[in-house]
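Undergrad: Sequence:
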Amino acid sequence: MKTKLSILAVALALSSTLWANPTVEQAKMKQEIRDIKNDQKEIRRDVKELKVDQRELKKDQIDLQRAKQTGKPALVKNARKEVIEDRREIRDDRRDLRDDRRDLRKDRRYHRHHKPHHPRYYR
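FYI, in this note's numbering the residues of the sequence shown are 268 to 390.
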């Protein structure tokens, strides 16, 4: 009986040290937090780019209206190209923003489930 208890105690001690090595856990947590903060920075940067592109689109649309009023086909054609280009940039910025937000959600979810006190951590 005593040997069984000692074997169980050794097994329990080994398993607890393997499961809860604080330095490794702390390093993982810090890396997860760093990932989340980086994703947040990317999102802020993408939002700024999107706003700048939207301003440019508005200016180019005004230029297009002016070109239409003059009636010169070359000016209208160039203005249309700029508007189309700005719309493409806005679409790309929105896609980047959507992807960054998805990454942030994924990192937050991963971070949440990888905290040692979380019920799904040991699954």
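I should point out that these hints are in silico values taken from the structure, not numbers from a laboratory.
Hints may contain errors.
Derived lysine-lysine pairs resembling DSS-like cross-links, with alpha carbons at most 30 Å apart [said to hold, decoys possible]:
| id | residue 1 | residue 2 |
| --- | --- | --- |
| 1 | Lys325 | Lys339 |
| 2 | Lys297 | Lys326 |
| 3 | Lys304 | Lys344 |
| 4 | Lys318 | Lys373 |
| 5 | Lys339 | Lys315 |
| 6 | Lys373 | Lys297 |
| 7 | Lys335 | Lys325 |
| 8 | Lys308 | Lys335 |
| 9 | Lys318 | Lys295 |
| 10 | Lys326 | Lys344 |
| 11 | Lys348 | Lys326 |
| 12 | Lys348 | Lys315 |
| 13 | Lys315 | Lys326 |
| 14 | Lys335 | Lys318 |
| 15 | Lys308 | Lys326 |
| 16 | Lys295 | Lys308 |
| 17 | Lys339 | Lys326 |
| 18 | Lys348 | Lys318 |
| 19 | Lys295 | Lys373 |
| 20 | Lys325 | Lys348 |
| 21 | Lys373 | Lys304 |
| 22 | Lys308 | Lys318 |
| 23 | Lys344 | Lys325 |
| 24 | Lys297 | Lys308 |
| 25 | Lys335 | Lys348 |
| 26 | Lys304 | Lys315 |
| 27 | Lys308 | Lys373 |
The calculated label-pair distances, taken between Cβ atoms and stated as ranges, are [said to hold, decoys possible]:
| id | residue 1 | residue 2 | range |
| --- | --- | --- | --- |
| 28 | Val291 | Lys326 | 52 to 60 Å |
| 29 | Lys373 | Asn345 | 36 to 44 Å |
| 30 | Arg301 | Arg322 | 31 to 39 Å |
| 31 | Glu352 | Arg376 | 30 to 38 Å |
| 32 | Asp359 | Ile329 | 20 to 28 Å |
| 33 | Arg333 | Arg372 | 41 to 49 Å |
| 34 | Asn345 | Lys295 | 52 to 60 Å |
| 35 | Glu316 | Gln336 | 26 to 34 Å |
| 36 | Asp330 | Lys308 | 38 to 46 Å |
Being a predicted model, the structure only gives us computed values, none of them experimental.
Beta carbons are placed, not taken as given, at the ideal position from N, Cα and C, and that holds for glycine.
Undergrad: Each hint should be assessed against the structure and marked as holding or not.
TA: Evaluated hints:
1. Lys325 - Lys339: holds, 21 Å
2. Lys297 - Lys326: With Cα atoms ~44 Å apart, Lys297 and Lys326 exceed 30 Å; violated.
3. Lys304 - Lys344: violated, 44 Å
4. Lys318 - Lys373: OK: Lys318 and Lys373 at ~25 Å, within 30 Å.
5. Lys339 - Lys315: This hinted pair is violated, its Cα atoms lying about 34 Å apart.
6. Lys373 - Lys297: Roughly 16 Å separates the two Cα atoms, so the pair holds.
7. Lys335 - Lys325: holds, 15 Å
8. Lys308 - Lys335: violated, 41 Å
9. Lys318 - Lys295: Cα-Cα ~35 Å, so violated.
10. Lys326 - Lys344: At roughly 16 Å apart (the allowed maximum being 30 Å), Lys344 and Lys326 satisfy the hint.
11. Lys348 - Lys326: Status holds; Cα separation ~13 Å.
12. Lys348 - Lys315: The given pair, whose Cα atoms are some 23 Å apart, holds under the 30 Å limit.
13. Lys315 - Lys326: holds, 17 Å
14. Lys335 - Lys318: holds, 26 Å
15. Lys308 - Lys326: holds, 28 Å
16. Lys295 - Lys308: holds, 20 Å
17. Lys339 - Lys326: Status holds; Cα separation ~19 Å.
18. Lys348 - Lys318: holds, 20 Å
19. Lys295 - Lys373: holds, 15 Å
20. Lys325 - Lys348: holds, 14 Å
21. Lys373 - Lys304: holds, 13 Å
22. Lys308 - Lys318: Status holds; Cα separation ~16 Å.
23. Lys344 - Lys325: Given pair Lys344, Lys325 holds - Cα atoms ~17 Å apart, limit 30 Å.
24. Lys297 - Lys308: With Cα atoms ~16 Å apart, Lys297 and Lys308 stay inside 30 Å; holds.
25. Lys335 - Lys348: At roughly 14 Å apart (the allowed maximum being 30 Å), Lys348 and Lys335 satisfy the hint.
26. Lys304 - Lys315: Between Lys304 and Lys315 the Cα gap is close to 17 Å, so the pair holds against 30 Å.
27. Lys308 - Lys373: holds, 15 Å
28. Val291 - Lys326: 52 to 60 Å: Taking Cβ atoms as reference, Val291 and Lys326 lie about 53 Å apart, which means the hint holds.
29. Lys373 - Asn345: 36 to 44 Å: holds, 42 Å
30. Arg301 - Arg322: 31 to 39 Å: At roughly 32 Å between Cβ atoms, Arg322 and Arg301 fall inside 31 to 39 Å, so the hint holds.
31. Glu352 - Arg376: 30 to 38 Å: holds, 36 Å
32. Asp359 - Ile329: 20 to 28 Å: Given about 22 Å between the Cβ atoms, the range holds.
33. Arg333 - Arg372: 41 to 49 Å: At 43 Å between Cβs, range holds.
34. Asn345 - Lys295: 52 to 60 Å: holds, 54 Å
35. Glu316 - Gln336: 26 to 34 Å: Holds, since Glu316 and Gln336 (Cβ atoms, about 31 Å apart) stay within the stated range.
36. Asp330 - Lys308: 38 to 46 Å: About 33 Å separates the Cβ atoms of Asp330 and Lys308, which means 38 to 46 Å is violated.
Of the hints listed earlier, those the structure fails to meet are numbers 2, 3, 5, 8, 9 and 36, in rising order.
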